[in-house]
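When you get a sec, could you build the whole thing from the sequences and use the hints?
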Amino acid sequence: MSGSNRSTALPAHDFPVATNWDASLNEGRGGPRPGGTDGIGEVRLNGGAVEAVLPLQDDDSGNPYLYRTEKYALFAGEPGGERMRAPAYECYIGETYSLYRVTEEVVRKLSDDCLAATRYPAVVRRFDTGANELADVPAFQLVHGCVVGEGQHRSMATFILPPYWRPDSVQGYTALFSGFYDQNENVFGSVGPPLLKALGDSLKSTGRGSVGIVWNGGGSIGTRTLQGSIYGNLNDLFAEANRRFRVDPHAIVAVGGSRGAIAGLVAAGNPQRSGYSIPYLVCYNPPLFFGDDPSELLNPAFPVRWDAVRGDIGYKEAWRPGWTGPDGESAIERFLTLQFGTADRDLIVQELGPASDRLLQGLKDSGTKVCLNHGTHDAFTPSWPAFEWAERARRRGVPVRHEIGYRFGHNNCTDPYARAAECLAALVKGEELLAEGTWHYCRASEAADEWALSERFEPTVQPAFLEVPKAVIPGFPIYLAVYGSAGMAYSVEVLEKREETWGEAFVLAAGVLSKRDGFAHDGSYRKIMMNVPDRLIPGTYAYRFRYRREGEAAWSEARLLPHPGEEGPAVWEVLSDIPNFTDAAWLERTMRHAIGWGLSER
28 MSGSNRSTAL
38 PAHDFPVATN
48 WDASLNEGRG
58 GPRPGGTDGI
68 GEVRLNGGAV
78 EAVLPLQDDD
88 SGNPYLYRTE
98 KYALFAGEPG
108 GERMRAPAYE
118 CYIGETYSLY
128 RVTEEVVRKL
138 SDDCLAATRY
148 PAVVRRFDTG
158 ANELADVPAF
168 QLVHGCVVGE
178 GQHRSMATFI
188 LPPYWRPDSV
198 QGYTALFSGF
208 YDQNENVFGS
218 VGPPLLKALG
228 DSLKSTGRGS
238 VGIVWNGGGS
248 IGTRTLQGSI
258 YGNLNDLFAE
268 ANRRFRVDPH
278 AIVAVGGSRG
288 AIAGLVAAGN
298 PQRSGYSIPY
308 LVCYNPPLFF
318 GDDPSELLNP
328 AFPVRWDAVR
338 GDIGYKEAWR
348 PGWTGPDGES
358 AIERFLTLQF
368 GTADRDLIVQ
378 ELGPASDRLL
388 QGLKDSGTKV
398 CLNHGTHDAF
408 TPSWPAFEWA
418 ERARRRGVPV
428 RHEIGYRFGH
438 NNCTDPYARA
448 AECLAALVKG
458 EELLAEGTWH
468 YCRASEAADE
478 WALSERFEPT
488 VQPAFLEVPK
498 AVIPGFPIYL
508 AVYGSAGMAY
518 SVEVLEKREE
528 TWGEAFVLAA
538 GVLSKRDGFA
548 HDGSYRKIMM
558 NVPDRLIPGT
568 YAYRFRYRRE
578 GEAAWSEARL
588 LPHPGEEGPA
598 VWEVLSDIPN
608 FTDAAWLERT
618 MRHAIGWGLS
628 ER
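Quick note: the sequence shown uses our numbering, first residue 28, plus one each step.
Hints in this document: simulated from the structure, not taken from any laboratory.
Don't take every hint at face value.
Simulated DEER-style distance windows between Cβ atoms [said to hold, decoys possible]:
(1) F533 / E593: 34 to 44 Å
(2) N159 / K456: 23 to 33 Å
(3) A516 / K456: 19 to 29 Å
(4) G538 / G394: 35 to 45 Å
Bear in mind the structure is a predicted one, so any value in this text is a computation, not a measurement.
In this text, a Cβ means the ideal position worked out from N, Cα and C, and glycines have one as well.
The following block contains the structure:
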């Protein structure tokens, strides 16, 4: 059909937006129903900006459960789920429904923003809209609220059709896939707008439209997209994309950050993959630490993890040291079992975790090229797992472009959706993309309100940096991670505060970084776990990080702090009491913008 003869008629939005939640079910406690439009929370506009409000947490101090599961039947879609009060393995909050209703103003804003970014508006359509109604529409169409999966464990997805999509297209459509958290929050907040722009950018550069796939990763709360049913569910998702919307199942780009990066990893490396492949994976800040020792998993060096673990397992007091669940398990054991069906660390490391050899082999088998991006000083995770993963993947034959953002924390030093749009355009044009290697980025400005601006630099050796906790707590080991080039000597020193001055320094850790087995570059690191020295009594201390590279005579000192707007000296507190690791005061003290603590050369 020529452009001059194309329709200009736009269908109306299908209001109200589907949530697949029906508040009338289960004696007013609600439950999942395809096409339901009720919600517990709301995605709405506040001063022109989109916000998600969710009154789900329980504030009764006598109730051990974190969520209002007595008022809401959040697990009603599972056998016996009406009686469940907290998430369990393969039984999560929001598997096939969204917790949020969406206001009409939010939908119209999404459409207006899409028009400004792509020259086409966006229209929300029901999940069961027929192909003939969807054909030849001059807009991006969000076929919303689709329940995906053939088995008991299903998920929720939205398919975004390009302008003038046709069901009889001879040439299948390339696709851009992203999985994250709650579906309506995804589509109308965190994922939908940048994904629409990426689809529009690819359309502009190639003249051919692509289908977008926004997925809830198997649930809103409780899952990290790692449960066993995910793999078959992904097969079903891409089969439906092919069957209903003419997606070429071997022309898919996956993009995501954090839990969304895990979704991309498991989709591309799916060991049960059937009928699809993902040539490009754009993977930002993936959490790769699930097989670590419990003392490392819950440690002040990663201050936000307690809140994340508590939020997943659904018990208010799970952050407290020594807490045990109803079956006598620790918080970490319950968290791991919730994700994998087991707390066996060896099994998680070797087969089930996102960094497992099984998933790496899946990436190799599918021919996936990976853009891995991570920020140092991440409040969720140390940097060394990303360095290790990149080298392991390369040794296995997986092409990896590794981007490092110094002091960017759990944030992006480059735009993942812009990178995904480039990959999508390359697929459309039949070109190769993503040169292998390592790219380094630092802050373009030290101004507090410009910390997110980045610029690329080309170091001659691996830059030196140190990741440490901002608060040291007796009873918890100090977790230090030193990074630099092989052969680099380092010294981490602590100075006690004495009235208005700092006392004499004493060495907390010192040594020389050795060559890492299997690393093809000069980069190295050392992870150090140590008890709190007796001389570190409660109080405030300064610390410094000095280093001397191999062949150099003089010592250098890293002075750049991770937290935007904070100037030296670098300090940490030794606390006398265990704080509430989930309250706002702790998070404000230890992380800003999801950035952790330490020092850096760049």
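Item to check | Numbered hints the structure breaks, given as an ascending list | outcome: Violated: hints 1 and 3.
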